[in-house]
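4 protein chains.
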Amino acid sequence: MEFEKYKSCIEACNVCAVYCDSCATACLQEDDVKMMAECIRLDRQCAQICRLAASFMAQGSEYAKDICRICADICKACGDECAKHDAEHCQECAKACHHCASECAAMAA
Amino acid sequence: MEFEKYKSCIEACNVCAVYCDSCATACLQEDDVKMMAECIRLDRQCAQICRLAASFMAQGSEYAKDICRICADICKACGDECAKHDAEHCQECAKACHHCASECAAMAA
Amino acid sequence: MEFEKYKSCIEACNVCAVYCDSCATACLQEDDVKMMAECIRLDRQCAQICRLAASFMAQGSEYAKDICRICADICKACGDECAKHDAEHCQECAKACHHCASECAAMAA
Amino acid sequence: MEFEKYKSCIEACNVCAVYCDSCATACLQEDDVKMMAECIRLDRQCAQICRLAASFMAQGSEYAKDICRICADICKACGDECAKHDAEHCQECAKACHHCASECAAMAA
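Line order of the protein sequences matches chains A, B, C and D.
Just so we're aligned: the first sequence equals residues 1 to 109 in UniProt numbering.
Just so we're aligned: the second sequence equals residues 1 to 109 in UniProt numbering.
Just so we're aligned: the third sequence equals residues 1 to 109 in UniProt numbering.
Just so we're aligned: the fourth sequence equals residues 1 to 109 in UniProt numbering.
One or more of the hints may lead you astray.
It does not matter which identical chain is meant; a pair holds if it fits inside one copy or across any two.
Below, computed lysine to any residue pairings styled on SDA-like, alpha-carbon distance capped at 20 Å [to be verified]:
(1) Lys5 x Ser102
(2) Lys76 x Glu30
(3) Lys65 x Ser102
(4) Lys7 x Glu62
(5) Lys65 x Ala77
(6) Lys34 x Lys65
(7) Lys7 x Glu38
(8) Lys65 x Glu92
(9) Lys5 x Met35
(10) Lys76 x Ser102
(11) Lys5 x Glu88
(12) Lys7 x Asp31
(13) Lys76 x Glu2
(14) Lys95 x Glu2
(15) Lys7 x Asp32
Calculated from the structure, these hints are not laboratory results.
All chains, please: the whole structure from these sequences, using the hints.
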């Protein structure tokens, strides 16, 4: 299939979207939701751009690099925020975000 | 993470979305595009509902089953249409669709 | 255009998605975020299903009714939750959700 | 509501997404689908980025400008392609795309 060349980046985007969606839900169930507000805010955007990036790569779009460049920025910001929190869902999400940021940056280069 | 229980269904949805997006692009490059029109039409819808289903499961949504029920129907229809065409992208997409249809049907049950 | 027959429902979905996305952000900036957690949780899902419903109607999909049926349920739940909160963003979002619920229910009938 | 300042751009994005989704379906029903292949290909991407742009503006995202910049490019390309075809759905879609391109360019400036 045409998308094979983007496979590792597509996979990183899909995994990151799942972790972000899941992390946002878990953050909303924390005792101190206010402390997680920035995390929730970025998780939403990160999940959305990751899914778009995966779709554009799968379509072989000439705009996939442009999307991946922004996706790398958002993943970095989201991962940095998640990394500040000790909850397991945040720590695992941070890893998925940082991995996706690096895949997307390489793709956009 | 919370989403572990849906892991195989989420993964099937993500993979199916990628195959459908990619198959639609490949269909548009075929010599006889008209013959692929129904395939392209269903690929678009299938990729969209698969991404929504993955997101709702990752969020632990109480509506995930409802979405998976429709997703199973669309994946079945899309897989059946793809299976009619000999092109490799259609045959592989058909497999991804039928696998996802069965994962989503099990999830919705 | 083909989508004219769904015009009022598509418009209601688009408007509802915008109010839900905006309401979630505003909720995250409230002093008592914990009180808004359920609202944020439903806003996310509501915005997503509304955008999918609008897209499926615009595509003239045979699955548009199925999606609108679920969309009506989610809009109703989200509107009911928003209506409990006095903040202007919640009150306006509740109106957009309840209007969209009624448009989608009519469409699905 | 917070999103009032982006209102005309959000509306242009929502309208453009609907026209693109609808145009793609209509293109797939044309006698000469092959002639419409590039139009269908761009319609898909344009509808997707428009919906993301609308959502990011509604959320008040700090990345909304970045998304609108790409959205302007894709809308321009899609509108230029649609404008080449005489079918009413293409001509109307071209107008919606070009209007959205100009709104997004202004937003990103």
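Here is what the structure says about each hint:
For the homomeric pair lysine 5 and serine 102, the shortest alpha-carbon distance inside one copy (16 Å) is at most 20 Å, but the shortest distance between copies (28 Å) is not. Proximity of lysine 76 to glutamate 30 under the C-alpha cut-off of 20 Å is found in neither arrangement, the shortest distances being 23 Å within a copy and 26 Å between copies. Only within a single protomer do lysine 65 and serine 102 lie at most 20 Å apart by alpha-carbon distance; the minimum there is 13 Å, versus 22 Å between protomers. For the identical chains of this complex, lysine 7 and glutamate 62 are intra-copy neighbours only, at 16 Å inside a copy versus 29 Å across copies, given an alpha-carbon limit of 20 Å.
In the homo-oligomer, the alpha carbons of lysine 65 and alanine 77 lie at most 20 Å apart both inside one protomer (19 Å) and across protomers (16 Å), since each shortest distance falls under that limit. For the identical chains of this complex, lysine 34 and lysine 65 are neighbours neither inside a copy (35 Å) nor across copies (27 Å), given an alpha-carbon limit of 20 Å. Taking the shortest Cα distances, lysine 7 and glutamate 38 never come within 20 Å of each other, neither inside one copy (30 Å) nor across copies (24 Å). Proximity of lysine 65 and glutamate 92 under a CA criterion of 20 Å is satisfied in neither setting, with 26 Å inside one chain copy and 26 Å between copies.
Within a single copy, lysine 5 and methionine 35 get their C-alpha atoms no closer than 40 Å, and across copies no closer than 27 Å, so neither meets the 20 Å cut-off. With identical chains, the CA atoms of lysine 76 and serine 102 are at most 20 Å apart within one copy only, with a shortest distance of 8 Å there and 30 Å across copies. In this assembly of identical chains, lysine 5 and glutamate 88 lie within 20 Å of each other by CA distance solely across copies; the values are 17 Å between and 32 Å within a copy. Proximity of lysine 7 and aspartate 31 under a CA criterion of 20 Å is satisfied in neither setting, with 38 Å inside one chain copy and 26 Å between copies.
In the homo-oligomer, the alpha carbons of lysine 76 and glutamate 2 never lie at most 20 Å apart, since the shortest distance is 28 Å inside one protomer and 23 Å across protomers. For the identical chains of this complex, lysine 95 and glutamate 2 are inter-copy neighbours only, at 16 Å across copies versus 28 Å inside a copy, given an alpha-carbon limit of 20 Å. Taking the shortest alpha-carbon separations for lysine 7 and aspartate 32, neither the intra-copy value of 38 Å nor the inter-copy value of 28 Å comes in at or below 20 Å.
Hint compliance for this structure: hints 2, 6, 7, 8, 9, 12, 13, 15 are not met, and every other hint is.
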